[in-house]
Amino acid sequence: MEDAILFLLFAAIAVVCGINLVVQTHPISSALSLVGVMGALALIYLQLGGEFIAAAQLIVYAGAIMVLFIFVIMLLNAGKERTLPRRLWVTYAGVPLLAGFIGVAAFVIVRMLPPSPGAKFGAMTHGNPQEIGRSLFQVYLLPFEVTSVLILIAILGAVVLARKEVD
Amino acid sequence: MNFFIVSLIKSALVAFVLLTALAYIQWVERKVLAHIQLRVGPRRVGPHGLLQPLADVIKLLTKEDMLPSHVNKFFYFLAPFIAVMFALISIAVIPFGTEVKIGSFSTPMQLTDLNIGVLFILGLSGMGVYGVALAGWASNNKYALIGGLRSSAQMISYELPMAMAIAAPLLMLNSLSFRELVDGQGGFFLGFIPRWSVFQGPFPQIISFLIFLVAAFAETNRVPFDLPEAENELVAGFHVEYGSMKFAAFFMAEYANMVTVSCVAALLFLGGWQPLWPTQYGSGFVPTIIFGIAGLICFSHALNPARPFDRITLPVFGVVFLGIAGIFLIPIAATILLPLFWFLAKVGIILFIYIWIRGTLPRFRYDQLMNFAWTVLFPVAIINLFVTALAVALTSK
Amino acid sequence: MPEIPLPQSVPLTWYLILSAILFTLGVAGFLFRRNVITVFMSIELMLNAVNLSFVTFSYKYKQVDGHIFSFFVMVVAAAEAAVGLAIILTIFKNRQTLEIDEVSSLKN
Chain A
1 MEDAILFLLF AAIAVVCGIN LVVQTHPISS ALSLVGVMGA LALIYLQLGG EFIAAAQLIV
61 YAGAIMVLFI FVIMLLNAGK ERTLPRRLWV TYAGVPLLAG FIGVAAFVIV RMLPPSPGAK
121 FGAMTHGNPQ EIGRSLFQVY LLPFEVTSVL ILIAILGAVV LARKEVD
Chain B
168 MNFFIVSLIK SALVAFVLLT ALAYIQWVER KVLAHIQLRV GPRRVGPHGL LQPLADVIKL
228 LTKEDMLPSH VNKFFYFLAP FIAVMFALIS IAVIPFGTEV KIGSFSTPMQ LTDLNIGVLF
288 ILGLSGMGVY GVALAGWASN NKYALIGGLR SSAQMISYEL PMAMAIAAPL LMLNSLSFRE
348 LVDGQGGFFL GFIPRWSVFQ GPFPQIISFL IFLVAAFAET NRVPFDLPEA ENELVAGFHV
408 EYGSMKFAAF FMAEYANMVT VSCVAALLFL GGWQPLWPTQ YGSGFVPTII FGIAGLICFS
468 HALNPARPFD RITLPVFGVV FLGIAGIFLI PIAATILLPL FWFLAKVGII LFIYIWIRGT
528 LPRFRYDQLM NFAWTVLFPV AIINLFVTAL AVALTSK
Chain C
565 MPEIPLPQSV PLTWYLILSA ILFTLGVAGF LFRRNVITVF MSIELMLNAV NLSFVTFSYK
625 YKQVDGHIFS FFVMVVAAAE AAVGLAIILT IFKNRQTLEI DEVSSLKN
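Residue numbers (the numbering used here), protein chains in the order written: chain A, 1 to 167; chain B, 168 to 564; chain C, 565 to 672.
Source of the hints: derived by calculation from the structure; they are not laboratory data. Treat the hints with caution; some may be incorrect.
[What the hints assert, rightly or not] Heads up, simulated DSS-like pairs for lysine-lysine below, C-alpha to C-alpha not over 30 Å straight-line:
no. : chain 1 : residue 1 : chain 2 : residue 2
1   : B       : K240      : B       : K177
2   : A       : K80       : C       : K657
3   : B       : K309      : B       : K226
4   : B       : K230      : B       : K240
5   : B       : K177      : A       : K120
6   : B       : K226      : B       : K198
7   : C       : K657      : C       : K671
8   : C       : K657      : A       : K164
9   : A       : K164      : A       : K80
10  : B       : K230      : B       : K198
11  : A       : K120      : C       : K626
12  : B       : K226      : B       : K240
13  : C       : K671      : A       : K80
14  : A       : K80       : B       : K309
15  : B       : K309      : B       : K240
16  : A       : K80       : B       : K240
17  : C       : K624      : A       : K120
18  : A       : K164      : B       : K309
19  : B       : K309      : C       : K657
20  : B       : K230      : B       : K309
21  : C       : K671      : A       : K164
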């Protein structure tokens with residue numbers, strides 16, 4: 001039962017931060033809400049036995065990518081977004097339609113997922129770095145090497161695009 | 168339930184010891200810097216200034232906690248909170264010694280032994296950047312913003328060589344849990360050379376240790392990399408708009424980061440609590456000898472004291488030191504306290520190196536600093552990791 | 565205190581429904597916001613939701629392949645964030661605006 005309480009707590013944090021991301025007008029508040037979502041998701045991954053993925057989420061996603069976002073927001077000094085006037089039916093139909101979409105998706109998930117045991121903390125022991133390393137360097141070696149080329153391309157692209165023009 | 172109560176007691180003990188140690192590391196820093204600069208340091212508040220940290224804490228707590236009107240209030244309150252939280256949580260995975268066995272009850276001297284302990288510390292040092300960046304942003308002040316951006320850019324630039332310097336001994340020791348890392352550094356070569364990471368295996372990790380120390384200086388924003396928070400260059404950088412307790416929070420976070428990286432360096436490279444030479448050659452008597460000599464020096468200085476109150480305080484210190492030396496002779500206490508002594512001695516030496524370098528070196532300019540990270544330290548870290556991996560691959564069966 | 569009937573172990577459908585909710589929020593942010601950095605962050609939210617789905621199925625089959633896919637998603641997201649933010653910086657330098665409605669010179 002503690003697993004359910006913990007899951008509901010982290011899920012509530014993730015959903016509240018997600019709603020905050022979409023609703024806030026200033027990009028910095030949205031960025032920090034996204035960091036909150038990533039932290040809550042890292043804790044959920046820990047509950048699902050993915051300890052390496054939880055650590056990678058904190059180190060790579062929340063600790064490097066989001067810091068990059070925050071740098072760009074601070075450098076560009078983006079102010080609050082100005083709100084356009086909206087037609088009345090758009091304001092009142094947006095949220096119920098989204099809720100309907102989530103309802104349909106939840107219904108499909110519950111019907112189509114084959115019966116499986118629930119998630120208990122500690123039931124999956126294969127998420128440790130040894131297993132990930134074994135799988136990453138034996139089965140998935142080619143995608144691993146290709147992603148290193150991808151990162152090299154991204155570095156070159158970012159350096160060329162963000163360079164100051166020397167007049 | 169038993170585990171929960173024991174963990175609670177350990178957490179309270181570690182928190183109390185850590186917070187007191189943070190205050191007293193500042194005392195040590197002021198005294199050592201003073202003696203390097205041929206002056207004396209604080210000496211009025213208590214004997215030899217020992218109550219100075221207490222006076223500082225009282226001053227910072229009772230100062231008026233102003234809230235400037237032009238700051239962004241939510242982030243202004245959030246930033247020191249984040250900085251202190253992530254700095255203090257890192258101590259949870261640091262092991263201070265071996266098991267403590269009292270009767271039938273045994274518990275390791277560590278709050279939790281995560282099997283991804285090293286990744287946990289790397290992740291938290293990455294999250295600590297947010298405190299600095301938000302402090303610079305929230306202050307709505309151009310000096311604070313520039314200081315905050317520079318400091319956070321410096322911290323994420325030096326995280327890369329630090330992570331690679333950490334990865335190199337992990338290749339040889341094959342684990343990510345701190346307790347297993349230190350256990351893998353036990354034993355001795357030829358009977359008397361300790362099997363620490365810096366001396367071990369196919370490739371002694373001396374270059375990794377140096378890279379880690381340099382990157383750690385930059386991560387914790389200490390001299391020679393402390394331009395973003397220098398008082399005379401950038402009007403104290405990102406914490407210029409912070410006063411009293413929030414300012415104290417940033418300083419507490421900085422010293423806690425220093426303690427964490429010193430502990431990680433001692434655990435990964437210097438063998439944690441493993442002694443310097445084997446116990447059968449008498450390394451169990453080192454703390455007794457050191458504290459005994461300290462006590463005797465106190466007594467001999469008390470015979471012709473430089474200041475009148477030293478006639479009372481120096482003999483008291485002498486008695487305390489001889490008492491501690493005596494405790495190390497009791498066998499039951501010695502098995503618990505000896506590993507703790509070796510670990511604290513190594514951490515203390517690294518902290519002393521931090522303070523020594525602060526008193527000796529000038530600071531880097533910001534572009535020199537970033538240039539050094541990306542064009543010198545990063546390639547050296549990559550080459551070091553590559554050579555270590557090659558050595559391990561060639562010599563493993 | 566009333567006895568709240570919570571299950572002993574968390575059913576996997578709950579994780580997938582959370583993933584669906586986060587994905588929908590990401591789609592909503594992508595469609596309704598006009599600041600290009602917020603749009604980008606909604607894309608990252610969608611990628612995170614998909615990561616959660618991968619890790620859930622990896623738990624179901626007790627294999628580590630889902631974690632590996634999730635790791636690759638993170639790597640691709642990092643590369644995309646770097647290049648995307650560089651493009652945003654260049655657009656800001658040239659047009660001084662961060663609203664995607666105003667960057668429409670190729671329209672019509």
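Here's how the hints hold up against the structure:
1. B/K240 x B/K177: Violated - the C-alpha atoms of B/K177 and B/K240 are around 35 Å apart, more than 30 Å.
2. A/K80 x C/K657: OK: A/K80 and C/K657 at ~19 Å, within 30 Å.
3. B/K309 x B/K226: holds (29 Å)
4. B/K230 x B/K240: holds (19 Å)
5. B/K177 x A/K120: holds (27 Å)
6. B/K226 x B/K198: holds (20 Å)
7. C/K657 x C/K671: holds (21 Å)
8. C/K657 x A/K164: Holds. C/K657 to A/K164 sits at ~10 Å (cutoff 30 Å).
9. A/K164 x A/K80: Between A/K164 and A/K80 the Cα gap is close to 27 Å, so the pair holds against 30 Å.
10. B/K230 x B/K198: holds (25 Å)
11. A/K120 x C/K626: With Cα atoms ~12 Å apart, A/K120 and C/K626 stay inside 30 Å; holds.
12. B/K226 x B/K240: holds (24 Å)
13. C/K671 x A/K80: Holds, at about 26 Å.
14. A/K80 x B/K309: Holds, at roughly 19 Å.
15. B/K309 x B/K240: Distance of about 17 Å is within 30 Å: holds.
16. A/K80 x B/K240: Given pair A/K80, B/K240 holds - Cα atoms ~16 Å apart, limit 30 Å.
17. C/K624 x A/K120: holds (11 Å)
18. A/K164 x B/K309: holds (22 Å)
19. B/K309 x C/K657: holds (20 Å)
20. B/K230 x B/K309: Distance of about 25 Å is within 30 Å: holds.
21. C/K671 x A/K164: holds (28 Å)
Hint 1 from the earlier list is the only one contradicted by this structure; the remaining hints agree with it.
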